[in-house]
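A.B. asks: If you read the sequences in order, they're chains V and C.
If you want the working numbering, it's the position in the first sequence, counting the first as 1, plus 18.
If you want the working numbering, it's the position in the second sequence, counting the first as 1, plus 13.
Hints are computed from structural coordinates only; laboratory data are not their basis.
A quick note: this is a predicted structure, and the numbers were derived from the prediction, not measured.
Treat the hints loosely; a few may be bogus.
A partial selection of chain V residues facing chain C, derived with a Cβ cut-off under 8 angstroms [what the hints assert, rightly or not]:
1. GLN120
2. VAL124
3. GLY128
4. LYS130
5. GLN131
6. ARG135
7. ALA141
8. GLU143
9. LEU146
10. ARG148
11. ALA150
12. LEU155
13. VAL169
14. LEU173
15. SER181
16. SER193
If you only want the chain C side, here are some residues facing chain V, beta carbon under 7 angstroms, derived [to be verified]:
17. HIS25
18. VAL28
19. GLY31
20. LEU34
21. ILE35
22. ASP37
23. GLY91
24. ASN104
25. GLN106
26. VAL114
27. GLY115
28. LYS122
29. SER123
30. ASP126
31. VAL130
32. GLU131
Listed next, the in silico SDA-like pairs over lysine to any residue satisfying Cα-Cα at most 20 angstroms (straight line) [to be verified]:
33. C:LYS211 / V:HIS189
34. C:LYS179 / C:ARG205
35. C:LYS188 / V:GLY154
36. C:LYS188 / V:HIS231
37. C:LYS179 / C:GLU202
38. C:LYS179 / V:ASP172
39. C:LYS179 / V:GLU188
40. C:LYS199 / V:GLU87
Note that beta-carbon positions come from the ideal geometry of N, C-alpha and C, so glycine has one too.
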Amino acid sequence: MPVYWKVFLINGTVLGAATLSLVLAPVSVSRQVVVSEVLVLTIGLGIMLLANALVLRTSLAPVDRVIREMRAEQDASNARALAAQEAERHRIAQELHDEVGQNLTVVLLGLKQLERRAPADLAAELALLREATRDGLDDVRRVARQLRPGVLEDLGLTSALASLTNDFAEHSGASVRRVVAPGLPPLTSEAELVVYRVAQEALTNAARHAAAHDVTLSLTRAGDRVVLEVTDDGHGFDTTRDGAGLRGMRERATLVAGDLTLRSASHGTTVRLAVPVAPA
Amino acid sequence: MTAARLLLADDHALVRRGVRLILDQEPDLTVVAEAGDGAEAVELARSTEVDLVVLDIAMPRMTGLQAAREIGRRTASGEPPRVLMLSMHDNEQYFFESLRVGASGYVLKSVADEDLVEACRAALRGEAFVYPGAMSALVRDYLDRMRRGERVPETVLTEREDEVIKLIAEGSSSKEIAQALTISIKTVERHRANILGKLGMRDRTQLTRYAIRAGLIEP
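Based on the sequences and whatever the hints tell you, model everything.
C.D. replies: And the structure:
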């Protein structure tokens, strides 16, 4: 039965019972209401509300449960979608590096050989081809790198964050200070990826939305958690307007049982992510 | 003059062949052995007498970085050979990691046709081959430190070197710098070398020391 009819039926039954009891009970309300009558009416109303509440509660409990389950299911499915997306990106990046990149390298080196032996008029043509191949190789590498930070997998989180901040400094013109506490406990590879992606998003926001000049990125330990903090001196942005970037950061944090907090004011923004340390 | 003996490792046979053809063309370089993965490279480096090992970073069984570390350990028959990394990754972190595991240079595959021979010669001379992406990261870090008033190696750069260092920090390539300053690429390269020398980053040891001090790599 739809929730609407269920509620209607329950309310109808309770009101019906109240009406019936008014009709059948030997009571009347005076024109000038007296205290005892008010008392009886209040008690009656109380019983009516109580009965209504009890019946509604028991009959709507399954609805609440379903909603809770749906929310959990949605979180889980978002998490699965994110994980699937990362896995797919990983696969494509790998393929680009190992197959396309290697083959273009073969072409590049082969063209160089041909160029040496070719007559002058052909050599110039071959040199053009070689430059085009080099551009292709650069493109493949750039795309692969955007898809998946190979450095994270190969060299670890510290190197990946260093590379991220170097890149950021080069492209945004803002200056970045990087503070990574030595001897941080290990994180799961999922958690590392989340820390990396959140740092990436926070830096992007700092440059794109907040026009920051100075950014500090720190990775430290707090109890059994590792904490990433990205602080900028930009003009801040509306954190309640949950743009795709912010929602993405939250979803990723949920993925690894992390906590994301965001403070933004006119003098700067702080993004803080705490993720649990990998179980030993 | 006897040619330097090279060991070449890449899991892609055709890439290996291409690289070999480039190197064998030079009278002072000769490839004496080839390996298809990191573990094989380590074995060959132990059993064959070589002066320089050129390692692809991404290889199965043992990555180039792991192999470089192993090869650097060889001490039974004297000095271990020098190591040069060949890589698809345009990322200064790979360069620093390469230095850390004992390699003296890092060459991007996309410029291997131009830079590889020079990088091999530099490595054989005992100099570091700093690839352009890492150079701009190093220089940017240096300028940042100077601006913040931190202690940096004392240097007196000429006016021209000052112009070049700023362009490098902005990520300009040698070609772009040459165009911007209307000088030849060769001159730019010479300025680059001089700047590295003055900043105390000429060889692997100096570079590694600087990168550790600057917090670019962990000790």
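A.B. asks: Look at each hint and say if it fits the structure.
C.D. replies: Structure-based check of all given hints:
no. : hint                : result
1   : GLN120              : holds (4 angstroms)
2   : VAL124              : holds (4 angstroms)
3   : GLY128              : holds (6 angstroms)
4   : LYS130              : holds (4 angstroms)
5   : GLN131              : holds (5 angstroms)
6   : ARG135              : violated (10 angstroms)
7   : ALA141              : violated (14 angstroms)
8   : GLU143              : violated (16 angstroms)
9   : LEU146              : violated (14 angstroms)
10  : ARG148              : holds (7 angstroms)
11  : ALA150              : violated (12 angstroms)
12  : LEU155              : holds (4 angstroms)
13  : VAL169              : holds (5 angstroms)
14  : LEU173              : holds (5 angstroms)
15  : SER181              : holds (4 angstroms)
16  : SER193              : holds (6 angstroms)
17  : HIS25               : holds (4 angstroms)
18  : VAL28               : holds (5 angstroms)
19  : GLY31               : holds (3 angstroms)
20  : LEU34               : holds (5 angstroms)
21  : ILE35               : holds (6 angstroms)
22  : ASP37               : violated (11 angstroms)
23  : GLY91               : violated (31 angstroms)
24  : ASN104              : holds (5 angstroms)
25  : GLN106              : holds (4 angstroms)
26  : VAL114              : violated (11 angstroms)
27  : GLY115              : violated (15 angstroms)
28  : LYS122              : holds (5 angstroms)
29  : SER123              : holds (4 angstroms)
30  : ASP126              : holds (4 angstroms)
31  : VAL130              : violated (11 angstroms)
32  : GLU131              : violated (14 angstroms)
33  : C:LYS211 / V:HIS189 : violated (27 angstroms)
34  : C:LYS179 / C:ARG205 : holds (11 angstroms)
35  : C:LYS188 / V:GLY154 : holds (19 angstroms)
36  : C:LYS188 / V:HIS231 : violated (29 angstroms)
37  : C:LYS179 / C:GLU202 : holds (15 angstroms)
38  : C:LYS179 / V:ASP172 : violated (31 angstroms)
39  : C:LYS179 / V:GLU188 : holds (12 angstroms)
40  : C:LYS199 / V:GLU87  : violated (68 angstroms)
In this structure, the earlier hints numbered 6, 7, 8, 9, 11, 22, 23, 26, 27, 31, 32, 33, 36, 38 and 40 are contradicted, and the remaining ones agree with it.
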